[in-house]
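Spelled out from the first residue to the last, the chains are:
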Amino acid sequence: MSEENKESGGPGGSLLRGLAGKTVEALALKMGLKPSDRGWVTLDIGASLMSASPKVAKDFFKAVPEVARMLENGDLRSWAEIGKRIAQQNAEEASDFFRYSIETLELLAEPLRRLLVALCVKQIVLSPAAALKTFRQSPALAASFGDEQSAARIFTIAVEVAHRSVKHSTEVLTAAPAALTALREMDDQASDAAIDSTLTLAESFAQRTGATAAEFLAAVGEGLGFLASPEVMVDLCRQTTIYLERGGATALQFFRSARAVIEVGGVESYRRWNQVTDKVAAEGNAIVYDFLRLTPKVLATIAATQRRHAAERIGAVLELVEELSSQNVYVALECFKSSPRAMASASLEQFQAWAREGVQLHRGDRRKAQAYYALESKSSQETLRGAHDGVALESVSHLLRLYVEGLTGREMAIAALGSIPEESRINDGHTIQLPSVVAEFGSPDDDFRLYKVLAAHAAGQVEFGTREAGTGSLRATLNEIETSFENAERRRLSAEMRDTEYVQYSNVEHLGLSNRRPLDPLAFETADYKTILSRFTNPLLATRIFTTLENGRIDWKLRHTYRGIRRDLDFVRNRLIERRPPIVELSVEQAVYEMLFQITLCGGVIDEAARRAYAGVILDFELIVAEYIRRDGATVADTLVATHRVYQLLDGQRSRKESDDQSEDDRDDTNQEQPDDRDGKSEQQQTSSQTRKRSDLFDQWSQAVEETTPTDTELLNELMNAETSEQALQDGDEVFFYDEWDRELGDHRAKWCRVIQRENRRGARDFVEQVRTRYSGIISSIRHQFQMLRPESLRRIKGEIDGEDFDLQAVIDHHVDLKTTGRPSDRLYIRRIRRERDVAVSFLLDMSSSTARTITRHPNQPYTRPGQKIIDIEKQGLVLMSEALEAVGDSYSISGFSSEGRRNVKYFIIKRFEEKYNQEVERRIGGITYHNNTRLGAAIRHAAAGLERQDARTRLLIVLSDGRPYDHDYGDSRYAREDTRTALRQSRIAGITPFCITIDRDSESELKDLYGEVGYTIIDDILSLPERLPGIYRRLTT
Amino acid sequence: MTESLNDKTIVKAQPIEKYVLTREPYYLSVRDEVSIFETAYKARLPVMLKGPTGCGKTRFVEAMAYRLGRPLITVACHEDLSATDLVGRFLLEGEETVWHDGPLTTAVRHGAICYLDEVVEARKDTIVLIHPLTDDRRILPVEKLGILLNAPNDFMLVISYNPGYQSVLKDLKQSTRQRFLSLEFDYPPATAETNIVAHEGGVSESVARDLVKIGEKVRNLKGHGLEEGVSTRLLVYAAQMIASGIEPVTACEIAIASPITDDLDLQRGIREIVTTII
Ligand SMILES: Nc1ncnc2c1ncn2[C@@H]1O[C@H](COP(=O)(O)OP(=O)(O)O)[C@@H](O)[C@H]1O
Ligand SMILES: [Mg+2]
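Protein chains in written order, with our numbering: chain A, 168 to 1205; chain B, 630 to 907.
Isolated chain B, as found in the complex:
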């Protein structure tokens, strides 16, 4: 789709098709998060997903996008992510300067769900950019083009945020956080997590149960040198290793003990827990 704003500028919007989910993602609902999210969507309110890494936030958004029939545009935020990266920029193409929509603009134009993952990682001036989209104006100013885009009703902004870092530098400002509804995520309860691990990792339920038990015990060590407990994602990895024939203790070593800490004592402690359980 190419259109001309004025004579000189060529604007290139991104195709949306690739953001449409074609298969239903596997997501196991843990509480009432699905209905809450739907309500927020209907009320056109932005949502913040709070929780440790690897506990299912991304998967949840994917599942919701599919459920709501909207395309999903995910942006993994990082320190160098600038406003331009989100909104769009001019590029020289031969003689012409061509405007390329950024992911946020694309989402606004198409009424997609835009998911800004780990939003605190982005620079402060980038974060400010989303403010007008998150109040009742629901607009996105595209300064370079000198236009204001009105977000259609089916556009939704979702951000994720991990409060576990506890660093002054990585705290979300009040001015930002008070614009979002907040859904608290945590590692799924044992039975749910067992199902997830069994399904995603392709292992038997009993293996999955052991892994979840290990997860539970290792999470007890948070605060004893462990910044964060072991994620569901890592448990799934461990399960996948086991499913493909790696010896279970070794699988836990490489998927659990070693990824989460460099402290040798902690690793050994985790290993003892692992051998207690399997």
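So that you can see chain A by itself, here it is in the shape it has in the complex:
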């Protein structure tokens, strides 16, 4: 721009170009600047401005005399510099700057002027726009800071920050007003002290790191309503200052976390926490920072899961952590981290005992303590819940299926929440979704009762017709609701149109209907609750109300149809009541839903205070519930009518509120910050709305049927930084959980591995055919050998009391005995009995990526004589082995495995025991390929579990592996080895004979360690595996 100005050479430009200093001097004089004025110092700037734009220079000179009165020498120069910088960017803005300078500065108190210039000079270097903005807004900002002194301090902070970051210096200014407001709102008398502390702290932040000062002020500005008194703030600031030694980020985190502690746990908890923090801090910066960051998360989770008892329990946790930290800080931290999860499934006393036991046991070993507190070890779980670690859905799903099928007389499937794809998460009348584990009450019987209640509810939906469609009453309800919404729409539109000019040109009727898409007649005939809910103007709201009411109806029906289930319903309801959030803590809108929920499912509103506060609404709800829900013969259509009533009630309230507020848009923004929101309530609303989003076991009853809900466990897992994510399951997958041995722990990690059983993918059948052709000679001899093993031969047993033949030797002996001792044996016969061969064998194939290695006898001729992949050699071995097994007639199964972390151990079925060796199996053999890692222990456990179900006298488990077990979260190699060894040992205890065939020659000592207790063989020449495999098997079984 300035360039352009020069070139274009406007009239002023050509006039002034090349003006000598003298002329400038003359000009200055002419403009009334006396040489005695300090203004002379600005003359050179004026001159340079002149060369850029005479207009700017003119405005500059105009302003200088006035400005000079307000600024000191140096500041005056800086001020001029600012203008000059702006001019280099934009002449227009520079002119403005000079013109507004006088009034801007006049509005500011004396000390602020200096500071403002100092700040802008810093800012201008990086961002003229920022500087200009600061300058312009400074009077307004200063006014909003209240007293002059505070304003001066804040500007000073901003200047300090600007040394490092212009952006943050601006943020200091913008964050400050809210911070000051928050501080002043606490208490008129004592707030000065709090303001002083806060600003002092902000100054320290500014001196240390700059940026954090702005963030600190912003944090203060978020509201301090939760602080009991300004003294607490003073104290908080003092403590934070101490943490400044450790860096701005740490101190800031301290402040934020402390704030969170006070907010959810009160001042008492804060003091405890502070003690702990000090102890943690003594261990180092990194750890204290971790602890600080973790604190709000942990507390929020406890608050979310403990609801009513949140403050009390948080207090208890902190007390305990403080106690533990005096013994071992690291261990105390682990305990703190795990506390939400532990608390979720145990009583306070159980939790305390468990926590103390942990530090007792693992004081010296952080890793063990971690495992203990992460509830990974069995002994830990047992300590926590007295040998009860909850009821897993798997262990009861068969029973529950029988139960619901009995109740409903329909085929039902039980699925774990979250183990099936999102879209089918609805309880569709065929699938009942239940939590995968219930560890709620501390005893298996009680936990099962929760499952039973949830299942009964789901069955109730089927039995009592939640999904019935096209009934007369549903159609009538649809009609009623349809008409009601159409009328409402028409009224709304005509009201709108009354004050619109073009109303006369429009067809109101037509417009009135156009907003609602017409209902398809077929949909009318087959209307179900979903059809009807979709006809509400706000289907989401309607769905939410409906879900609660319908569950209320089912609950009532269950109680009245089945006497016995009432005991269980009441038992669970009591827990439910404990878990409801206190209504006073909810926003009005949430409170309304909550009350509806409590009325329909908890037998009434729990809080006394809420009952009084909301007496009117409560009465309305109770009437609706009594009229439509709690009566004989109520159907889903009645629930829908009730839904409509409640909907209208809420809608009415809402529109009334809207018209009161005169709000210009019709969206409902209860969470919007209200200017009169004095006590930081909006902040609270936000957190509690997040809290509500977390589902617990019961939220199935209040949340929209189709809503997908993240579960508590997700949150907890995140908290525990669970390392492995679970892969999604495919159709037909079956899931199993197995313990894993942790050698350092000296204990099993409970249900540590998730094994996904899946049919192996089908490949080409050719593979098996080709192998058969290639090995045809060998196959026929194998067949012959194995047929010999068939149980066709009869075994002769001598010395029997009875039998087909005399045992000649025995007869002779008898004769001799008779003559000599006189006490002959009467076992004189030979008997023939069928020899029984009763063998079941499982082949377990390592399908990890290491089997992709190519083995060749001719390493120098890779193209003409390529080698073979280990996996292909193994496959060939399986083909020959199958031929042998078919010949001998033993019962056998084949499977393969690979893994991707402990939650994704894949177990591929190639042939089941009960399957024939048919084309399907042949294709599955053809489809064998390599994937990922080798979590051997889990695979062995799963294979052994399958074998245990076979009732053969001899049960064999043959593991075909290329070497060492490995998985990314399978510990070090010793961990993996010891787990594998334990798995093998356990299978032997269960009556299975494990045998390992491996091809890894390199590490014989490790192999001995691994398989030493059971039989194993190493195949040197892996290419010979196919031929050798049947021989090995024959030896094993004869």
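What the hints contain is simulated information worked out from the structure, not anything from laboratory work.
Where is the CB? At the ideal position from N, CA and C, for every residue including glycine.
Wrong hints could be hidden among the right ones.
As the list claims (entries may be wrong) - Calculated Cβ distances over 12 Å to all of chain A for the following chain B residues: (1) Trp728; (2) His760; (3) Pro877; (4) Val903; (5) Ile907.
Stated by the list, open to error - Facing chain B, a subset of chain A residues (Cβ under 10 Å, in silico): (6) Arg657; (7) Leu725; (8) Gly731.
What the hints assert, rightly or not - One side only, chain B facing chain A, incomplete, derived with CB under 10 Å: (9) Val704; (10) Leu801; (11) Lys846; (12) Arg848; (13) Asn849; (14) Leu850; (15) Asp891; (16) Leu895; (17) Ile906.
Since chain A is already given, all that's left is putting chain B with the ligands on it; use the hints.
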């Protein structure tokens, strides 16, 4: 009654009095089975009662026999039941051989109702024996005596058959089944069954209703490892246990869950259903 067929043979017919029903059996008619049965009786047609065990077939025949004023001779069929067992045999009594009428012969002679319960259990060659009685000849050949007995008009043959077993070995041959009218029986509908359980078991109507509800739910489990649903008879047993002071859940355990299955999961499932209802 003793008579001589010829000089050597002494024939001993069985007294019929003990087969006459003296008290009216309690039977609650469920549909039109009573009138159908009467019509069949008048038309002298044999009847087959089809249905699961314990649903009231026997009781029905008893009630009908009383109603029609005929004696009722019931034979529970089993694998070892031979033709001789049904028709009769010679027995040595001192010096003499004495012929004893079997139950079928007795029924034919006296014009009684003969009820062959669970007829598939009998051996195939035994079943063939009834064929000439079930067509328009209505005769019973007594080979050992070398005579043909003509069935009087008031004789009636009734068999029962449980199609639920679904085993090839226990299927009634077409040649047999196509000789009978067939009356389908099933567990009585809930209200009727409630009355039956209350009456037979001596419990209040509300207890009976619960038991019937349990029955209904447990019957839903047929095909999930349960061969057959719980019978009305077992519900009556449960009621009787309750009536004599056994705790209801326990009564259901011993009269329902345990008798119908050995599968522990199923038993537990049934128990959960029981505790849901009572
Ligand atoms: N319609 C009915 N009226 C009266 N009692 C019945 C009826 N149906 C079943 N019962 C009861 O059930 C019990 C078993 O019936 P039963 O006739 O022995 O069964 P089935 O012969 O079909 O195996 C009877 O003793 C009786 O108490
Ligand atoms: Mg019977």
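_Hints violated by the structure (listed by number, smallest first)_ = 3, 4, 5, 6, 9, 10, 15
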